[in-house]
Amino acid sequence: ETGVTQSPTHLIKTRGQQVTLRCSSQSGHNTVSWYQQALGQGPQFIFQYYREEENGRGNFPPRFSGLQFPNYSSELNVNALELDDSALYLCASSFLDRGPGYTFGSGTRLTVV
Amino acid sequence: EDKVVQSPLSLVVHEGDTVTLNCSYEVTNFRSLLWYKQEKKAPTFLFMLTSSGIEKKSGRLSSILDKKELFSILNITATQTGDSAIYLCAVSTGTASKLTFGTGTRLQVTL
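Protein chains in written order, with our numbering: chain S, 3 to 115; chain E, 20 to 130.
By construction, these hints were calculated from the structure, which means they are not laboratory data.
The beta carbon of each residue, even a glycine, is placed where N, CA and C say it ideally should be.
A portion of the hints provided could be inaccurate.
A few chain E residues that don't get close to chain S, going by computed Cβ distances all over 12 Å [to be verified]:
#1 E20
#2 N41
#3 K76
#4 I83
#5 D85
#6 N94
#7 D102
#8 S103
#9 T112
#10 K117
Derived coverage of chain S by chain E (criterion: at least 3 residues anywhere in the stretch with Cβ under 8 Å from a Cβ of chain E; other residues may be distant) [to be verified]:
#11 39-47
#12 85-97
#13 106-114
With a cut-off of at most 30 Å between alpha-carbon atoms, the simulated DSBU-like pairs for lysine-lysine come out as follows [claimed, not checked]:
#14 K60/E to K15/S
#15 K56/E to K87/E
#16 K22/E to K76/E
#17 K87/E to K15/S
Between the sequences and the hints, there should be enough to build the whole structure, so can you do that?
This is the structure we're talking about:
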């Protein structure tokens, strides 16, 4: 058991719809990062949240947005879904000041049809 | 743009063989290099390397970093079928500890 919990595990959406993915970080971790992993590729950094503020963003359009809550859990929202958004979305938690000791969740497999 | 390149992309070996996986990088504001094993979904942490020339070892796995030549290797000795997985190399950069991943090496260990 990794300590980072993501929900749902699988999701099918239609192009143009909106989706919200959820992540509960490992106890004691104050930072949550989101990654997108397309089939056959390595994970790509979407953004990171630290103390409820965005703390770095990768090369993703504004329709990818997020939130971090006081209990350090997080949401990833994607608007106007496109077929290319189909991927495994991974959440990783860490304690920012102690370096990138990430713990990854098992991910949400999103399929856009 | 930060870049991490892994080789080979895939590898098939027999149980008992020794394998070496390669990772080279070109990034700004390097902090550390990490190796992960991904079997189904969640990447699981193997090693974090910050200093050149110091080997990290865990059982049959070991890894070393060369910060001058900008690469790292992951060695697996006496491979087992349970080692079959995708091995991901990632470099941590900047104050946000953003991880830039390579595309991974898919290792298959056969009997």
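So, going through the hints one by one against the coordinates:
no.: 1; hint: E20; result: violated, 9 Å
no.: 2; hint: N41; result: holds, 14 Å
no.: 3; hint: K76; result: holds, 18 Å
no.: 4; hint: I83; result: holds, 19 Å
no.: 5; hint: D85; result: holds, 20 Å
no.: 6; hint: N94; result: holds, 20 Å
no.: 7; hint: D102; result: holds, 19 Å
no.: 8; hint: S103; result: holds, 16 Å
no.: 9; hint: T112; result: violated, 9 Å
no.: 10; hint: K117; result: violated, 5 Å
no.: 11; hint: 39-47; result: holds (count 6)
no.: 12; hint: 85-97; result: holds (count 4)
no.: 13; hint: 106-114; result: holds (count 5)
no.: 14; hint: K60/E to K15/S; result: holds, 20 Å
no.: 15; hint: K56/E to K87/E; result: holds, 25 Å
no.: 16; hint: K22/E to K76/E; result: holds, 26 Å
no.: 17; hint: K87/E to K15/S; result: violated, 46 Å
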